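S.K.: Listed below are the residues making up each chain.
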Amino acid sequence: MNAFFCVRKLEPVGWIFAAMNFVFLGCAMALGIFLVVESVPILRSEGLSFWLGENWWVGESFGALPMICGSLIVTGLAIFFVLPVALSGALFTSEYLPPSFRRKVKGVMELLAGVPGIIYGLLGVSFLTLGVKDALNLLDGNTFFTAGLLLAIMILPTVLTLSEDALHSVSYEFREAAESLGLTKLQTALRVVLPQSLPGIVGAVLLGIGRAMGETIAVMLVVGSLDRVPGFNLFVSGQTIPSKLGREAAEALGSGLHWNALMGLGLTLFLVVAIITFSGHLFIKRCNQ
Amino acid sequence: MGRYVRVWAGLVFILAVSFPLVVVADTGSRIQIVGSTTVLPVASRSAQKFMESSSSRILVNAGGSGVGIHSVVGGRADIGMASREISLDESNRFEKSHLKIHPVGLDAVACVVSSEIYQAGVQQLTARQIAGIYLGEIRNWKEVGGPNKKIVVVDKERHRGTRHVFMEYVFGNASQRTPGTLLVTGSNNEEQAKIAQSDSAIGMLSFNWINEDVKAVSLLDHGKEIMPTWESVRQGSYPIVRKLNFITAGNPKGEVKAFIDFVKGPEGQKIVEESGYIPIENP
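Protein chains in written order, with our numbering: chain A, 1463 to 1751; chain B, 640 to 922.
No lab work stands behind these hints, which were simulated from the structure alone. In this text the structure is predicted, and so the values were computed from the model without any measurement. Wrong hints could be hidden among the right ones.
[Claimed, not checked] Capping the alpha-carbon separation at 30 Å, the derived lysine-lysine pairs in DSSO-like fashion look like this:
| hint | chain 1 | residue 1 | chain 2 | residue 2 |
| --- | --- | --- | --- | --- |
| 1 | B | LYS739 | B | LYS909 |
| 2 | B | LYS781 | A | LYS1595 |
| 3 | A | LYS1595 | B | LYS863 |
| 4 | B | LYS903 | B | LYS892 |
| 5 | B | LYS735 | B | LYS854 |
| 6 | A | LYS1595 | A | LYS1747 |
| 7 | B | LYS789 | B | LYS854 |
| 8 | A | LYS1595 | B | LYS789 |
| 9 | B | LYS735 | B | LYS909 |
| 10 | A | LYS1595 | B | LYS903 |
| 11 | B | LYS854 | B | LYS909 |
| 12 | A | LYS1568 | A | LYS1747 |
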């Protein structure tokens, strides 16, 4: 009832805002519906084996397990690499750097966060694959590990700058109170500021996961693009959902089941990201209680 | 600063990912050409030349032979480029589109290895050995007379023209499954880069992409060595030869026809030769 009153009392500008909100909601819904509708044929013909099958042979069977595993592995690696660096960096930038210097660091971070994936991809192909191959003495440098490392470098600016925002927005009263109780700067940062800003940091990491999961071209260039279910070896080539889409979408456009299968992959990615985001928010909720 | 980075990034993106040639004229019709990265140099150079005397606007984009054929069928391109014939499966599926093939040149595909392997002694292979490598039965170069190094087997995306003709020669089956594969690549440029970066790779490339980092091996056929040279292609002894094709849905009309005729004509065939292929008129 309350919400209804709010809407009724809206001024003209408010209606425009509301309309814009519906534009956004409409886009999200349309995307979801499109993906579901387009992947119905493949789900009907393959059933559960679309997600559990290991073989992707166009015209015969479509099994998405290699791509799903690959996406999870690569994203997991990226988060594993990025978390310590981003959190320490954010703490230092927020709590220790003088304001003028902090603004410069933030500027650079925000600039880096906008660099498109292809740049990272090309750098990855030219340097990172060779570096990983030589440093670890591998047969070839196009591996999950390389892709995870590249993604970590890619999402670091985003995660760092957003975590830093969260840390910095913790009210100064808390810091002053902690100081007056005799806590050192480090204790204040770790025990007062960090817990207070946890929801913001989780949000930053979720955005990072989202970008890492969806990154196409950078991963495609360094992951090896081989469809196989990975074992526990991270130093082999593989395939992720977006890289598979990037490789085959142009060929499959408007060609029946192959196209539906790729849309099914898209839907799968959509669902995985949704599940991760949902669990992240659930986590925040439990922290707040 | 930020805008500068993005402009630069945009340019790199265009160059690296789609490798398109966009030539703009003031008026006239628009011709979309999409497909094989092998045929692309011929098409883009011809387009440039053709537009000097025409008001048409021609856009050339990469994607691979399969993409070229599918785009023509789907009406997203006027001309598809394919470095292979239309497969049986495709001609059955796209019967309604009445696809017409217009050969514009000849090319050959080589089995290539990293230069380190070539120098270490692997300079000729039989089709059986290549098959063994791609099936995962041969995993070390020493089994085929090379150094004690594991083989990095580089394959191409399934729809690529180069893969079709190569697998047709090695296995007699264009869509052969290759469980020995370690890496899958797309365009000629990508495969060339991956093989050059590795020191123990094997792959397949059009003759034009062979260089000092990526060496072509001779093919051994019943004890006879066939050198991977244009010489043996001209003599007719080199086995992995293919036509470079333009593909249209139905008979081409108007400007599209004019462009295809231009490429088939003396000026176009000179461009084919300059691009490193053999003209279709005197193979």
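S.K.: Work down the list of hints and note, for each, if the structure agrees.
M.R.: These are the hints, each one checked on the structure:
no.	hint	result
1	B:LYS739 - B:LYS909	23 Å, holds
2	B:LYS781 - A:LYS1595	21 Å, holds
3	A:LYS1595 - B:LYS863	38 Å, violated
4	B:LYS903 - B:LYS892	15 Å, holds
5	B:LYS735 - B:LYS854	42 Å, violated
6	A:LYS1595 - A:LYS1747	43 Å, violated
7	B:LYS789 - B:LYS854	18 Å, holds
8	A:LYS1595 - B:LYS789	14 Å, holds
9	B:LYS735 - B:LYS909	34 Å, violated
10	A:LYS1595 - B:LYS903	46 Å, violated
11	B:LYS854 - B:LYS909	27 Å, holds
12	A:LYS1568 - A:LYS1747	28 Å, holds
Hints 3, 5, 6, 9, 10 from the earlier list are contradicted by this structure; the remaining hints agree with it.
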